[in-house]
Every structure is written in structure tokens, then in C-alpha cells.
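**Q** Residue numbers (numbering that gives the first Met the number 0), protein chains in the order written: chain A, 0 to 262; chain B, 0 to 245.
Quick caveat, the hints were computed from the structure, so don't treat them as lab data. Treat each hint with caution, since some may be false.
[What the hints assert, rightly or not] Below, computed lysine-lysine pairings styled on DSBU-like, alpha-carbon distance capped at 30 Å:
#	chain 1	residue 1	chain 2	residue 2
1	A	Lys117	A	Lys128
2	A	Lys178	B	Lys14
3	B	Lys168	A	Lys207
4	A	Lys210	B	Lys168
[To be verified] Here are some chain A residues pointing at chain B (derived, C-beta under 8 Å):
#	residue
5	Ser69
6	Asn71
7	Asp72
8	Met262
[To be verified] Listed next, with one range per pair, are the computed distances between beta-carbon atoms:
#	chain 1	residue 1	chain 2	residue 2	range
9	A	Phe88	B	Gly74	31 to 37 Å
10	B	Tyr149	A	Ser211	29 to 35 Å
11	A	Cys149	B	Ala154	26 to 32 Å
12	A	Asp112	B	Met177	40 to 46 Å
13	B	Met112	A	Ala195	42 to 48 Å
14	B	Glu48	A	Ala136	33 to 39 Å
15	A	Val105	B	Pro20	37 to 43 Å
16	B	Thr205	A	Gly73	30 to 36 Å
17	B	Phe51	A	Lys210	33 to 39 Å
18	A	Ser211	B	Phe157	26 to 32 Å
19	A	Phe88	B	Glu48	47 to 53 Å
20	B	Leu198	A	Lys117	54 to 60 Å
21	A	Ala102	B	Lys212	32 to 38 Å
Heads up, the beta-carbon is just placed ideally off N, CA and C, and yes, glycines get one too.
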Amino acid sequence: MSIRPPSPSRFRPTKAIDQSVLADNKALLEKIDRRGILRGTLSLGALTFLTGCDITNEGAVQSVLTAVSSWNDGAQALLFSQTHLAPTFTEAEVVNPPRYNGALDVEDIKPVDGKTWKLELAGLIGDKKPWTAQQLATLPEQEVIIRHVCVEGWDYIGQWEGVNFRTFLEKVGADLRAKYVSFRCADDYYGSIDMATALHPQTILATKYAKSTITDPFGYPLRLRTATKLGFKNPKWITAIEVTNEYPGGYWEDRGYNWFSGM
Amino acid sequence: MDSKTVTAPPASAAKTRQMHPLPLRIMHWTNAVVIVIMIGSGWRIYNDEPLFGFLFFSETFSLGGDPIRSLQLHGNAGYAGAEQWHFFGMWILVLNGLAYLAYGAITGRFRRMLWPIRPTEVIATLRDALRFHLSHQDLTVYNAVQKLLYIGIIAAVFIEVLAGLAIWKPVQFSNLAMLFYSFQGARYVHFFGMVAIALFLIVHVTLALLVPKTLVAMVTGGPQVEKETKPIMAPVHSAFAANTGE
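Chain B extracted, bound-state conformation (with noise of 0.2 Å):
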């Protein structure tokens, strides 16, 4: 470190970013929030026609009002009201999950932090993990089950986007919607894609409450990590900072 650094510390800020740049945060708490949206009012609709005798979900924690208030202003238990809530959600569910696709892809995130998974490793993670020597140490570095579950989840939530859209357009996507073999067939592997979502979502939150610098990083950014590449605007970006003075 020269004493140019020291006078101008965000000449080092050109050379590192948060681990979670503000746009990732913002897809995040964004996708948190419509993940609620879409279990919530899938389970009301759900529950208007079960696909197991055995299973109904809480009026209270499923979206779409009051049961019976909602039956004395609108002649039904909520249903209406869910799939408005549900056809709302889609929307940002799916506009938020391309922007993050894309970043992902463009930032180069999906490589750097998702790529590779090597079997030893995920089986060695796995060792570790029910030993409780898993380190957390360094956030900025995803273990192999870390990585293979960030891919699963998005191929989780990808199929379950596929799924609702064979369900909502089953004539206008007759052919997407073939590929699940019968309407029903469709719901299935929507109710078993919300299934997967919501066993994610209890291992995502149980660790990341047990490991609360992962949350707060989630909100707050992170730790300081190296730029992958060269910022060609460097000199520009150290002198711009340097008199905001950061």
C-alpha cells in the first residue's frame, strides 16, 4: 500500500465491491417477499380443490382474506382473492427472476460463486457438516452444498414457473403444457415445486439464523471482496471518489 491509498481509501474501493452488490440485495428481498406472495395464496388455492384428501393448509397462513368474510362480501372462502394475489405475485416473481438471471449471468456471479461442484467436495462438505466443523469463516466463498443447493433452488423455482404456466395457459401453451403429460399432472409438479421451495426456504433460514453475519451481510453487503477483472474506468472511478471524499 502506498501513502496514496491511505490519504484516498476509496482507491482501494475501485479495487474491491461488496460480496452482495446493492442489486442482488435488492433481487433478494424482492424474490423473499413474492415467495411469501405465491406459497401463501397457492396454498388457498390449493385447499379450493386438494390434490390429497389429507391435506389442507391453514386458513390463517394461506393469502387471500378471511374465510368468512370473505364469503360474506364475495360468495367464497378467499379463492378470488388468492388467485388475485397469486396473479399479481407472478408478475414480480418472474420479472425479478430474469433480472436476476441476467445479472447472474452478465456479472459473471453464477461462475465465480455457483461453479464448479465437485462430487468429493460436495461429499467432504457434507462430512464436515453433520461433524459441525463446517467453517463460516469466509461468507464470500459457497461451500459445494452451499453451490448445489443455489442451483437447485433456481431450477426449483425455473420448473415451478414452467408448471404455473401450463396450468394458466394450458390451450394457449398446449404444447409447454404436454410436457407434464395432463392438467393434473401439472399441478402435481407445481404443488411438489412448492414442496422443494418451502424445504429450501426452512434449511436457507434456519441457517441463516444460526449464522447471523450471513443475514446481516444479506442486508448490509457483505464483506469486501476482490474484483474478479480490471475496472477500465479505474482511474476515473478513484478520482470521482476521491472527492466525494466516502
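This is chain A alone, in the form it adopts within the complex (with noise of 0.2 Å):
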């Protein structure tokens, strides 16, 4: 096993959490659990209670709330505007070290190597050659200074630095006609936005926040970060982009989130 150097991540704990904690602590954990089961058996009660009360997860009203939420993509990608640029913001109004969140819990992360890791390319572009860390850093930076807005409802401002994506789609000679691109991370995350939101002026594959690397649990070595759609459509930790024509979903997009999800 390679001893991986040290992560920059403010949220790693400096040493392990004491197991001794849960023992000690045995008493309030079976609590919790007993919690639980009286809170589902709650649940089941109301279930009785309210016949009908899932209604959302049954066949026929959640294919009609699917194909509205198909239709609500198609509305939103006329209602965005390829010029319209999000508002920005002051490097005062950054908030550093940002909000976590993602589909794997911040200890959970299992860190990058910068120094093996390669950005695979795929699908519809010209020169499929993988990028590494080193020749990504070559190419124009690009800083945003933007709202990062969650689906959940929390917001900040944070400050990007990388790529701009159309630079580096028009530089690997992807096919900019194609309706997808599609991206593939470290975590086995997966996500894919339209080609508009791609070629958006605000739309960069960030390798810097505030400044310095990005840390860890937000996306080292790459992510993207566009300035036109909510948190969860910015993969972190990208490992491989597909530029297609055939719609590629998204981990989230398959748990019932819209897939366009534009702001």
C-alpha cells in the first residue's frame, strides 16, 4: 500500500476518532436506535392513517410527475440565456472554507492523487489523448466569483480558478453540436450537463478555490464549476468527460432530481 501524501483538507480530523467513545457511549446509541424504530413504526402508523399518503412513489402519478419534470428541462433550456451572465461577486464576500456536501459523507472521501491522476476524454472529441495535472495547469485560468446554490435551499459565495470549458472543448476539437457532455468521477459519481450551459462564459473546469488548490472534499484535483445551474449539476473530482448526443443522466437525475436543474 502507497502512503498517500498528506491531505490539504481542512475537514480530515489530525488523528483518529477514539473508539472508546462508542463504548463508552453504548447506552445513548441503542437509545437512538430505539428512537428510530418507534419513528418508523410512527411512520407506519400514519401510513395506515392516510391511505394513499405515498402517492408519489405509486406507477402511474410518478411517470406523469417524471415526464413533467422532462418537460420542465425542455422549459428551462429556452428560458436560458447563453450571454446572460450570472451576478458576481467580491473577493470580501468569499466564504472560505466553503459548505460541504455530496453524495459520500466528508470522512468518507477517499483523497486523489494529483500526481497519478489522468482526465480521460471520450465520445465526440477530436483529440481523445488523457490530460494530467501538469498539462491541465498550462492553460488559461479563468476566476469567477459566484453563488454556489444547493437544491437543498443553503447558498455562498465562492471563488474559482481553472480552465474556461469551451477553451478547453474547442482546444480537444469536441463536436460543440452535440446535446451532452458527460462526466465520470473518482467516487463513481456521475453527471451531465447540456452543451449551452457547457459553452456559457461562466462555465470553467476549476482547479483553484480562493486562491490555492482546491482541497479534498471539493473536488481535487478537478471539477467543474458552472455559474448557471445548482451544486449537485458541478461534479467534483472528474476522472472522465464524454461529449455525446445520447442523455447520459446523472446520479441524483436518476434519484428523481431534474435533470436540467438551471438558475
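Could you fit the two chains together into a complex? Lean on the hints.
**A** Here it is, written out as C-alpha cells:
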């Protein structure tokens, strides 16, 4: 097993969590579990009390909702303007470190080794030669100070730097008339955006946050930052980019969240 | 009344109409359903990132799917489902609302039913209400407090939709979003808009249940009222109505 370089994360505990805490608080933990069971029973009771309470997950209702959600993708694509810029902010408003959120809990993140990491390219791209972190660093950098909005409802101002995504796509000879750009990530997260958003002037492949290399929880070594989409549409720890005309879906989109999710 | 109207009652139907015409009733009940969808799904969405630490909404009475089953099926406690409902309901709310505003303006219903509001009348009505002296004899005329509440709820839903647009599209509608100071500002306005609508609903539904004939009127159309303007096509109408017999 190779020894990883120390993580630059501010969130990683400096020493391992003392397991004796679990033993000392055994009774408390069991109590929490009991509460969970009680809660489950209450929900079951509520279900029988309110028949049809879970109509959302019923076949016919769910297919109508899913159909409207894809219709909303189209409506949002019409509302989207490729020239309308998102509001930008000053350095004084930047939150550092930003709020962490993701499919993984922060302590479950496996840091990516920047030395061996490669960005693979696939699909409708002319030059599919993989990129190393050093090669990416030679590209011109663009800085955006923009609002990050999470689908959950919170937001913060973040300062991101990296190559403009349009510049990158042009450089590798991507087919800019294709419909989708899809992303694969080191943590098996996947996602995709429409080409119009990929070509928006404020969409970048970010390598820095607040002038320093992005830390592990926020996507080291490479993540997407669009100014026009919700947070979960900005994959972290990107390992592969594919340009395609076939709908690629996404991790949260396949779990019911709206695909376009434009702001 | 001449003998003609006795033999052909529909002749009078040309001069009167129902208090709540059919299009209005359809819009009212469509709105009733969609408001429940919007509040129910909004409560679930709120729970994902509460504005107030002390306030969570019951999962049973919010829309988005049973949390445990949703967690098993989709990996989230029904928030995605709630958002699907919210972004489904918003189209119906807005289209129905625009139809209602157009209808109220074109038919003169707003001017007739909701205007004018005189402060002295508002005070008098409130005084009567507190003494339980309010008259419910004539449903077709709204008292000053009713007028005020109905205008208030139209304004509340309007502001609610604007705040909703600012939350949904803070970039595309960035000028609108600026009106709410910040993204969280729009969320607070959207929340308190919901509170205003919910408070209105409590009063509205309670009073409708206390005076059930108002509820019946919103289903059947209610008492006949005089038409304000002379219908241009009156003779044709009465001839047509006479033929159908009614």
C-alpha cells in the first residue's frame, strides 16, 4: 500500500477518532436506535391512517411527475440565455472554506492522488489523449466569484479558478453541436449538462478555490463549476469527460432530481 | 313581469346570472387543489434546509413520498419527489392564476365584487364581526373585510410566485432576484408568503364551514344576481333558451 501525501483538507481530523467513545456511550446509541424504531412505527401508523399518503411513489403518479420534470428540462433550456451572465461578487464576500455536501459523507472521501490522476476524454472529441494535472495547469485560467446554490436551499459565494470549459472543449476538438457533456468521477459519481451550459462564458473546469489548490472535499484535482446550475450539477473529482448525443443522466437525476436544474 | 316571462322563464336568465359563474368555480377549485400541492410539497422542500431551527413540517402532512420508502427507492427522503410536485404544480398555479386575473378584469368581477373598500366600512364590519352581528343574508355582496382579504390573498399569491421565480431562476431572472436582497431573502419571502396563504386558508375555510351556503354557492354557482350590462345578444339568447326549454 502506498502512503498518500497528507490531505490538504481542513475537514480531515488530525488524529483518528477514539473508538472508546462508542463503548462509553453504548446506552445512548441504543436509545437512538430505539427512537428510530419508534419513528418507523409511527410512520407505518401514519401510512395506514392516511391511505394513499405515499402517492408520489405510485406508478401512474410518478410517471406523470417524471414526464413533467423532463418537460421542465425543455422549458428551462428555453429560458436559458447563453449570454446572460450570473451576478458576480467581491473577494470580501467569498466564504472559505465553503460548505461541504455530497453523495459521500466528508469522512468517507478518498482523496485523489494528483500525481497519478489523469483526465480521460471520450465520445465526440477529436483529440482523446488524456490530460495530466501538470498539462491542465499550463492552460489559461479564468476566475469566477459566483453564488453556489444547493438544491437543498443553502448558498454561499465561492471564488473558483480554472480553464474556461469552452476553451478546453475547443482545444480538444469536441463537437460543440453535440447535445450533452457527461462526467465520470473518482467516487463513482456521474453527471451531465447540456452543451449550451458547457459553452456559457462562466463555466470552468476549476482547479483552485480562493487562490489555492482545491481541497479534497471540494473536488481536488478537478471539478466543474458552472454559474448557471445548482450545486449537484457540478461534479467533483472528475476523471473522464464525454461529449455525446445520448442522454447520460446523472447520480441525483436518476434519483428523481430535475436534470436541467438551471438557475 | 309580463306573461311572456312566465311561459318562458329563461328570458329572465338573460338578465341575471349566477353569483359564481362556471369558469370561476372551475378556477377556484383548480386553485384549491394546486395550493394544497404547493404548500404540501413546499413543506417537504423546506425540511431539507430549514430556515428556522425549531420548525420542521410533518412528513405525513407534506408531499413527496413516504420518507423511508423514498430513501430506499431514490436515496433521499422524498425531497426529489417534493420538488417534482412543486415544479408540476407551479405551472397550474400560474396558468390558472393568470386566467383568473384576466377573467376578473375582463368581466368586471374585480371592480364589482372587490371595489371600493372604504376604511370606515372596514372598521364597521370588524366591529360587527366581533359582536357576531355580521349579516350573511346576501352572499352576493362582499363586506369590506372580505374585499380586503380577497385582495390580500391575490397579492400574497402574486408575491409568492415572484419569490418562487427568484428562487428557481436566480441567474436568468437576476434582476427580479435582486428585489429580494439575496437568495436567502427570497426564501424568507417565499416562506412568509406561504404563512400568509395558510392563515388566509384557515380563516377562509372556517368561515365557509360556519356559513355552509357559501360553500354550496362555490359548487352550484349560488344565487342569481342581476347582470350589470345589457347583453347585446339578449333576444337571440332568450329565443335559444326558450327552444331548449331549460
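**Q** Hint by hint, note whether the structure agrees.
**A** Evaluation of the provided hints:
1. Lys117/A - Lys128/A: holds, 10 Å
2. Lys178/A - Lys14/B: Violated, at roughly 60 Å.
3. Lys168/B - Lys207/A: holds, 26 Å
4. Lys210/A - Lys168/B: Since the Cα atoms of Lys210/A and Lys168/B sit roughly 28 Å apart, the hinted pair holds (cutoff 30 Å).
5. Ser69: violated, 11 Å
6. Asn71: Holds - the Cβ of Asn71/A comes within 8 Å of chain B, reaching about 5 Å at its closest.
7. Asp72: violated, 10 Å
8. Met262: holds, 4 Å
9. Phe88/A - Gly74/B: 31 to 37 Å: holds, 32 Å
10. Tyr149/B - Ser211/A: 29 to 35 Å: violated, 57 Å
11. Cys149/A - Ala154/B: 26 to 32 Å: For Ala154/B against Cys149/A, whose Cβ atoms are near 30 Å apart, the range 26 to 32 Å holds.
12. Asp112/A - Met177/B: 40 to 46 Å: holds, 43 Å
13. Met112/B - Ala195/A: 42 to 48 Å: Holds - the Cβ-Cβ distance for Met112/B and Ala195/A, about 46 Å, lies within 42 to 48 Å.
14. Glu48/B - Ala136/A: 33 to 39 Å: holds, 36 Å
15. Val105/A - Pro20/B: 37 to 43 Å: The hint (37 to 43 Å, Cβ to Cβ) is violated, given that Val105/A and Pro20/B are roughly 59 Å apart.
16. Thr205/B - Gly73/A: 30 to 36 Å: violated, 42 Å
17. Phe51/B - Lys210/A: 33 to 39 Å: Given range 33 to 39 Å: holds, Cβ gap about 35 Å.
18. Ser211/A - Phe157/B: 26 to 32 Å: Since the Cβ atoms of Ser211/A and Phe157/B sit about 45 Å apart, the hinted range of 26 to 32 Å is violated.
19. Phe88/A - Glu48/B: 47 to 53 Å: violated, 21 Å
20. Leu198/B - Lys117/A: 54 to 60 Å: holds, 58 Å
21. Ala102/A - Lys212/B: 32 to 38 Å: Given a distance of about 56 Å, which is not inside 32 to 38 Å, the answer is violated.
Of the numbered hints given earlier, the model fails hints 2, 5, 7, 10, 15, 16, 18, 19 and 21; all others are met.
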